[in-house]
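Q: Residue numbers (my numbering), protein chains in the order written: chain Y, -14 to 386; chain G, 24 to 106.
Derived by calculation from the structure, the hints in this document are not laboratory data. It is possible that some hints are incorrect.
Claimed, not checked - Ranges between beta-carbon positions, derived for each pair:
hint, chain 1, residue 1, chain 2, residue 2, range
1, Y, 357, G, 30, 44 to 52 Å
2, G, 26, Y, 301, 34 to 42 Å
3, G, 39, Y, 79, 55 to 63 Å
4, Y, 138, G, 71, 31 to 39 Å
5, G, 106, Y, 358, 39 to 47 Å
6, Y, 10, G, 30, 57 to 65 Å
7, Y, 142, G, 46, 43 to 51 Å
Even glycine gets a Cβ: it sits at the ideal position worked out from N, Cα and C.
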Amino acid sequence: MTRRVAVTGIGVISAAGRTRQALWDALKSGTSAIRPMVLVPPGSVRFPNGAEVPGYDASLEFEPKEADLLDRFSQFALLAAREAVSDSGLEFDAALKESAAIVTGSCVGGKSTEDESFRGLYALNNTRFSPLSIPKVMANAGASRISLEYGITGPVYTVSTACSSANHAIGQAFWMVRNGTAEVAIAGGSEAPFSLGMLKAWEAMRVVSPDTCRPFSKDRRGLILGEGAAMLVLEPMERARARGAHIWGELAGFGMSSDARHITQPSAAGAARAMRATLIDAAVAPEAVGYINAHGTGTTMNDPTEIEAIRAIFNTDKLLISSTKSIHGHTLGAAGAIEAAAALFALHEGIVPPTANFTEPDPACDVDAVPNVARTLQVEYALSNSFAFGGLNAVLLFKKS
Amino acid sequence: MSDELIARVIGVIVKTQHLAPESVTIDSSFEQLKIDSLDGINILFALESEFDVDIPDDAARQIRSVREMAEGIEKLLAAKQSA
């Protein structure tokens, strides 16, 4: 069985705000949501800025008992799933509960909870841990909580492939719906990496920018970490049309590859193989793609390597390539999901989101990066790249509906 | 640069990279020693502990050889003394 797959629901919580619409507004206006971090003490790490969900208060979203049971990253997963499912209008009846799938991505799981527990043990000499530690820290906590929310009893799991987690998750869910293994799916990613221990580890990698994220700019100085979640509702195109659902776009292809070259250095060959695999999966020619939502971390190494990979497949004269990480930060295991939302926004609204904070073109990244101002353009296909530490690449292709 | 400083820098490189001491000299490039970007930041991390200095990210990005590393440390130590 091969079915076309529609995206009928999108939910997003990000540095741009609590809803999908908040992200849409930021993408449209090119407003970067990178700000001074408030979740860790000022001066505790070399870099002062991050892309935190602004003014987030779990007590406004969850009953106290529920809030205690969920790490911040699971709360984000659930909030995004609720918005996506409500947006889709899907009702999970008995049959659909059994045949629905949930696949989520997370890079680091419940780091805030872990950090707090370990601080208690090592710094405060606590001899006991909360019994909620394990269920809060596990990377699948978000997927499991979404499953409980809707009574979904089909395939439910979590993928962890660092910064490609969400694209791998959405891709797997897409294939399950396409081949009939699952009737519908909720798929995406969530991340909440703003714990001091996690930030100190990132500091040591020397890839975080001391000011902001300027992908493809000559004076780029690194990535900016972000948090949040996005979830998509995937369902067969025929089913979506039959029930008169609003369709954001079609998920047309998924491809993946491993560099097998270096644990942290990106490889153009590996990235290109994942993009090529995606086009083959969708049976779409490179010329049909009008927009690429780049991995575009803003590090010295990623951006030119990614452009080299893109050039190996596409004619970049007719291609818009932007990195919305300049707007919502690098959300690690949620990145692919938030960027899938951005790609669907571009197709659905006919507005290509810009690369914010762009100052000066870099000859090594000589493409139309849609600097600072969104571009009104009808695009037929949009590609969304995720390339992870560990050399694991996952790419999604979306089609305008 | 003092011989002592050079010896300490080389000592850190030898230790973190598990190299034979005689294989590293002040004139070795990272390329010759097969030191990649991840090895590089790992050496800087060890040097920060050895000399009790903070090596800024922007400076770290430019370093490609043992000599550049030792010169960088010398500058940071001088700045620390005059502070």
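Q: Give a verdict on every hint.
A: To see whether the hints hold, each was checked on the structure:
1. Our hint of 44 to 52 Å for residue 357 of chain Y and residue 30 of chain G holds, since their Cβ atoms are close to 50 Å apart.
2. About 52 Å separates the C-beta atoms of residue 26 of chain G and residue 301 of chain Y, a value inconsistent with the hinted range of 34 to 42 Å.
3. The supplied range of 55 to 63 Å is met by residue 39 of chain G and residue 79 of chain Y, whose beta-carbon atoms lie about 60 Å from each other.
4. Roughly 52 Å separates the CB atoms of residue 138 of chain Y and residue 71 of chain G, a value that falls outside the hinted 31 to 39 Å.
5. Taken as a hint, the range 39 to 47 Å holds for the pair residue 106 of chain G and residue 358 of chain Y, whose Cβ atoms sit roughly 44 Å apart.
6. Look at residue 10 of chain Y against residue 30 of chain G: about 59 Å separates their beta carbons, and that is inside 57 to 65 Å.
7. For the pair residue 142 of chain Y and residue 46 of chain G, the supplied restraint of 43 to 51 Å holds, since their beta-carbon distance comes to about 47 Å.
The structure fails to meet hints 2, 4 from the earlier list, while all remaining hints are met.
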